[in-house]
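Relying on the hints, combine the two individually framed chains into one complex.
As given, the protein sequences belong to chains U and D, one line each in that order. Here the first sequence is numbered in the working numbering, starting from 1 and rising by one per residue. Here the second sequence is numbered in the working numbering, starting from 344 and rising by one per residue.
It is worth saying that the hints were derived from the structure and are not from the lab. Among the hints, erroneous ones may be present.
[Unchecked claim] Below, computed lysine to any residue pairings styled on SDA-like, alpha-carbon distance capped at 25 Å:
#1 U:Lys169 with U:Leu201
#2 U:Lys169 with D:Pro363
#3 U:Lys11 with U:Gln25
#4 U:Lys169 with D:His570
#5 D:Lys621 with D:Pro529
#6 U:Lys169 with D:Arg364
#7 U:Lys169 with U:Pro151
#8 U:Lys169 with D:Phe463
#9 U:Lys213 with U:Gln134
#10 U:Lys11 with U:Arg182
#11 U:Lys11 with U:Asp21
#12 D:Lys621 with D:His570
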Amino acid sequence: MTAATGRPPFKLGFLTHAFGDNPQQVYQDLLEQFDVAEALGYDGGWIAQHHLSNGFGSLPSPLLALAAVAVRTRHIELGTAVSVLPFEDPLRLAEDASVLDQLSAGRVQLGLGSGGANLDSFSAFERDAGQRQQRFAEDQQRLQALLDGQPLHPDSPLTVQPPAPGLAKRLWHSHGSVEGARYAATQGNGLLLGTATHDPLTVQKPLADAYLKAWNDPTRTPRIGVVRAVFPAADRATAQAELAVDIERHVPRLQREGLIEQAADLQEHLRLLNVHHGHPEEVLHSLRNDPSLLPYADYLIVVVQAESSTQAQVLQRLQVIAQRIAPALGWQPRATQSQTTVG
Amino acid sequence: MSGGFSLGFLSRVYQPDYNPRVYRETLELFQAAEALGFDTGWVAQHHFASEQGRLPSPLLLLSAIAQRTRRIGLGTAIIVLPQEPALRLAEDAAVLDLLSDGRVQLGLGAGFDPDTFTAFGREHAQRHRDYENNLQRLQHALGNGPLNADGLRLQPQAPGLGARLWEATSRVEMVAARGNGLIMAPNPHSPAHAGVELAQRYRAAWTGDSASPPRIAQVQGVFPLAHSDALREDIHTYLRRQHSIGVYQGPLDGDFNETLQRLGVLHGSAQLISEGLKAGPRLGEHDHLIVQVQTASTPLAEAIRALQVIAEDVAPALGWRPAATRSSKELSLS
Chain U
1 MTAATGRPPF KLGFLTHAFG DNPQQVYQDL LEQFDVAEAL GYDGGWIAQH HLSNGFGSLP
61 SPLLALAAVA VRTRHIELGT AVSVLPFEDP LRLAEDASVL DQLSAGRVQL GLGSGGANLD
121 SFSAFERDAG QRQQRFAEDQ QRLQALLDGQ PLHPDSPLTV QPPAPGLAKR LWHSHGSVEG
181 ARYAATQGNG LLLGTATHDP LTVQKPLADA YLKAWNDPTR TPRIGVVRAV FPAADRATAQ
241 AELAVDIERH VPRLQREGLI EQAADLQEHL RLLNVHHGHP EEVLHSLRND PSLLPYADYL
301 IVVVQAESST QAQVLQRLQV IAQRIAPALG WQPRATQSQT TVG
Chain D
344 MSGGFSLGFL SRVYQPDYNP RVYRETLELF QAAEALGFDT GWVAQHHFAS EQGRLPSPLL
404 LLSAIAQRTR RIGLGTAIIV LPQEPALRLA EDAAVLDLLS DGRVQLGLGA GFDPDTFTAF
464 GREHAQRHRD YENNLQRLQH ALGNGPLNAD GLRLQPQAPG LGARLWEATS RVEMVAARGN
524 GLIMAPNPHS PAHAGVELAQ RYRAAWTGDS ASPPRIAQVQ GVFPLAHSDA LREDIHTYLR
584 RQHSIGVYQG PLDGDFNETL QRLGVLHGSA QLISEGLKAG PRLGEHDHLI VQVQTASTPL
644 AEAIRALQVI AEDVAPALGW RPAATRSSKE LSLS
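Extracted from the complex, chain D is given alone in its bound form (with noise of 0.2 Å):
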């Protein structure tokens, strides 16, 4: 990896018992990550709190996190596409990247839960139809596309907001096709180097618009502190849910630092956790680095302190600099 990256970090939203607190932690956790020079923070969707994730509705908490910010990218990691109307959700999205100025970073994924599919009447044989079908009509309505016979169109419209799409999927061909970002994280069940070379297939199959050259999200699991037991607890939890529903084959025992690493996660120094980095697809200055710092009852001053961690010691050795840094040394040259 060389530097010049992106670098943002993602919350799931977890929480173990729901407490309306845990918006307004994330708020504040947006907050920290901006002051620390954070350029980009994403949030995951869950609908009926599957995986103890608490919030169904990305771009509502997106909305008040743009009132209390003023320059964190606001991204979502990703949105179940196929469970959406994709009018809808066309127009929640233009009317955000108003509000925050152009911030939106609208991360998609065709979703994997089945019980939520049946829960919104949909087929979870037929979800990346659905999905295609989807991103099809979100497309052409941010490209003021006409919507009936009468010529309607999408209202507000976003300009740029349609080069801000990101798609987490391993069909990456179609992704380079349509022009739109990847989103990547560790496959537990592949080799480390799969995503390399999944990063590279993406990048050789670009036929997008060379103004919006490939752009890579790699999602990364990061645990830069002492491992306690209530991380240990949330890694179990999460690998039983994982495992009851087909997604995780793994083994649900056996030595935690080797649980980890089947996972994907990185742990211990900041100097390990960068070769760690080092290791994963080579970043460029058009992708994102996200980090996830927490499981389901990280509490919110911990959080802060691992991406802190991060900016401070692991990112610059990378060749990450903060935005605030960045830009007063522009602003110096210039």
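Isolated chain U (complex conformation) (with noise of 0.2 Å):
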């Protein structure tokens, strides 16, 4: 770490929803990005779980794939962004981060979601939308206690095995309102913020801020997550032909859901999804010129692929934003920090 200016430098991460029509070719894509992240230096590769054949990624078993994401590499944090917790049995999910804790020594990362960009699955796993936020809140705390090491009923001398030492403590929540934000404080959790659907400045500061206010354990310190669309190209025009069609796509969606009041133009879409996208300069410009960004991530987690995107274009952007973007925003790749700490 460097000087004394207050708040260590922010971690870097990816997140991938795992697109593409052909999933064995997109599980084994997922796992090269992941080689090629840690060789960067990233602190952290975090997966979305999408489940079902609604075309919205193709990877159900996001732990799974980090198991074998474990074994290929020795640094690199392996994040769930997010788990959808109303589908998993909080005991059986408990066994599974607490295994690949165990194969990867230490470095899960697990983000926690309500399910609601999954409303259309709750059948299919015979559960109630309705009653999807306390359901969230009581298999949350569930889990949370499960990893903790508590015994799985107060008469029981049963423990969730194997332990995962720490684990309890590297959760994370999404939550899209401001009372949501308080819990994940008042549970000692991570908040993660930021789909490309919640507006920076009126939607996700004011869950920053509410967040923080909330905290209030004095012996360990809030956490915020942002994760931000980042699409760096040689020019704004290539980043937006890129682009056009993976955003034109989505438009109906974002109406219907009203996120956006009314379909425009190509350059006010990528403005409404708050898509970071550019010459590497302007990608710089526009992340320090975010509201909820700079000021807030302890962990800036980008996303790098639409539908279309080609698995070298994933990994170019990549090392666009691992060489270019982050480190002039004060980011240190891994490797960096660990010469510096040695000199």
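Have a look at this one:
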């Protein structure tokens, strides 16, 4: 760590939705993305869990994929952003997360969501979408207690095995409401901000402020992870050409969900979706002006893949962000950090 | 037993006191077994370290193993199905099958340990009903059936995985009717020929697709090395535990060789073990012999030596040939 600037530099991660038509190829590409990210010094890779054939993401088992990543890598943190908690048995999830944490020497970061992006799948999992907020709190508290090594029931000698020391303190919540953000703070958990459809100034900033204000554990620090679409390219026109198809295909859905009032042009959609894109200098400028990003992020988690992105584009974007963009914002890659420590 | 069967091994991922190296060592055991030509490796699921089994998440460990192996089949023997959310299990198994290029063999059972059912909020007495329900849901999802009124289906699909399911149960007619494989193990309370009869009943009842013929996986404890004190102590600890939950009703003390015989464990010279195996169910080209060579505290090096004796001296005497030999011969014939 460098000077006593008050705030340590943020960690840098990437997030994948595992897009693609051929799941077997998608998984191989995902493994390669983690290999490359680790070599570039990324602090973490995060996987979004998507269920069933509704056309958005093709990996329902992020912990299983991360177990494969764990034996191919040594340092990179293994995250979910997020696991859809209502579709899981908290006990089985605690077991899987613990085994993964042991396989990876403590590298798991477990993000939890209440299924707001998966409403059409609740019936298939025999769950009631109307109960999801209440159920989230019950399941998250049980999961957290189990990971903390507490007995399965007050009068039971049994605990989750294997133990996973510290994993209960590496949980994150994704919430879209101020109450939810406060709740994450009272649970001592991290807050994940920022699907593209939550406005950074009017929605995300109040969430971050409410979270920090509600944090009441003086022995630990709050932690905010900010997920951002970051698409650097040779110039702005190239970035927009690469994004156009994928952005426009989402406009009808975003209108339907009330997130965009009416269809406009591509520039406006990119602005509404808070996609940081263009020449690296333009991306830097855009990131610096994001009102709920740098002032808050303990973890900057970049999304660099859209549905029709090629693997070469994904890897290229990861590289440009790690080598040209994040360092200009104060981030240091892991290898550099260790050299600094040694020297 | 005739030749041409598949040879597998089973690890229950035992360890008396937990240390994370148990997972790394299981991974190394799979690598060693693959190098010896074993066709499949199988891991057991245990919750809350019951019986000192350390792996509650077999598919997760197999996902790690898939990255470090290329050919060996990746099996579960077994997953306690009544305690699994069936659709999540289908998703995990399908993802693992794609990550491993179609190497998954999914073994399922109803479980027996009363404590674990309570912990999962399930009734021990209802475990067979829960098993049937979950199996139906699992097979429906793997078979690309619609999962809700909107017609959502499993994603990803894993072609062929539905024909690589196995069941460990004495209800063999139901297994045969479902077209699934049968996992068998010696029963200490039944005479030796009971297994042969069970296998015959299963084959006779087979009504599954003729494209996937009946298949039996015979799990067999095999200790081809000299008996150590640790082995004796492990066996006695195991028996006391099985006795305490009513699964084992035989005597707890007595001659060690008689105890091993009662448990159906084969031991001694390679020749004695081969003869013991020949007395079991006849295994053909669709069947598996699955050897278990470890007890709770068996060191990794000893487990690898035992697998080596079985691959080099025991199984070849029954007509099995290691995978590498088979493929090179098949290549030379073509």
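Tested hints:
no.: 1; hint: U:Lys169 with U:Leu201; in the structure: 29 Å, violated
no.: 2; hint: U:Lys169 with D:Pro363; in the structure: 20 Å, holds
no.: 3; hint: U:Lys11 with U:Gln25; in the structure: 29 Å, violated
no.: 4; hint: U:Lys169 with D:His570; in the structure: 45 Å, violated
no.: 5; hint: D:Lys621 with D:Pro529; in the structure: 14 Å, holds
no.: 6; hint: U:Lys169 with D:Arg364; in the structure: 23 Å, holds
no.: 7; hint: U:Lys169 with U:Pro151; in the structure: 17 Å, holds
no.: 8; hint: U:Lys169 with D:Phe463; in the structure: 24 Å, holds
no.: 9; hint: U:Lys213 with U:Gln134; in the structure: 23 Å, holds
no.: 10; hint: U:Lys11 with U:Arg182; in the structure: 23 Å, holds
no.: 11; hint: U:Lys11 with U:Asp21; in the structure: 31 Å, violated
no.: 12; hint: D:Lys621 with D:His570; in the structure: 23 Å, holds
Comparing the model with each earlier hint shows violations of hints 1, 3, 4, 11; every other hint is respected.
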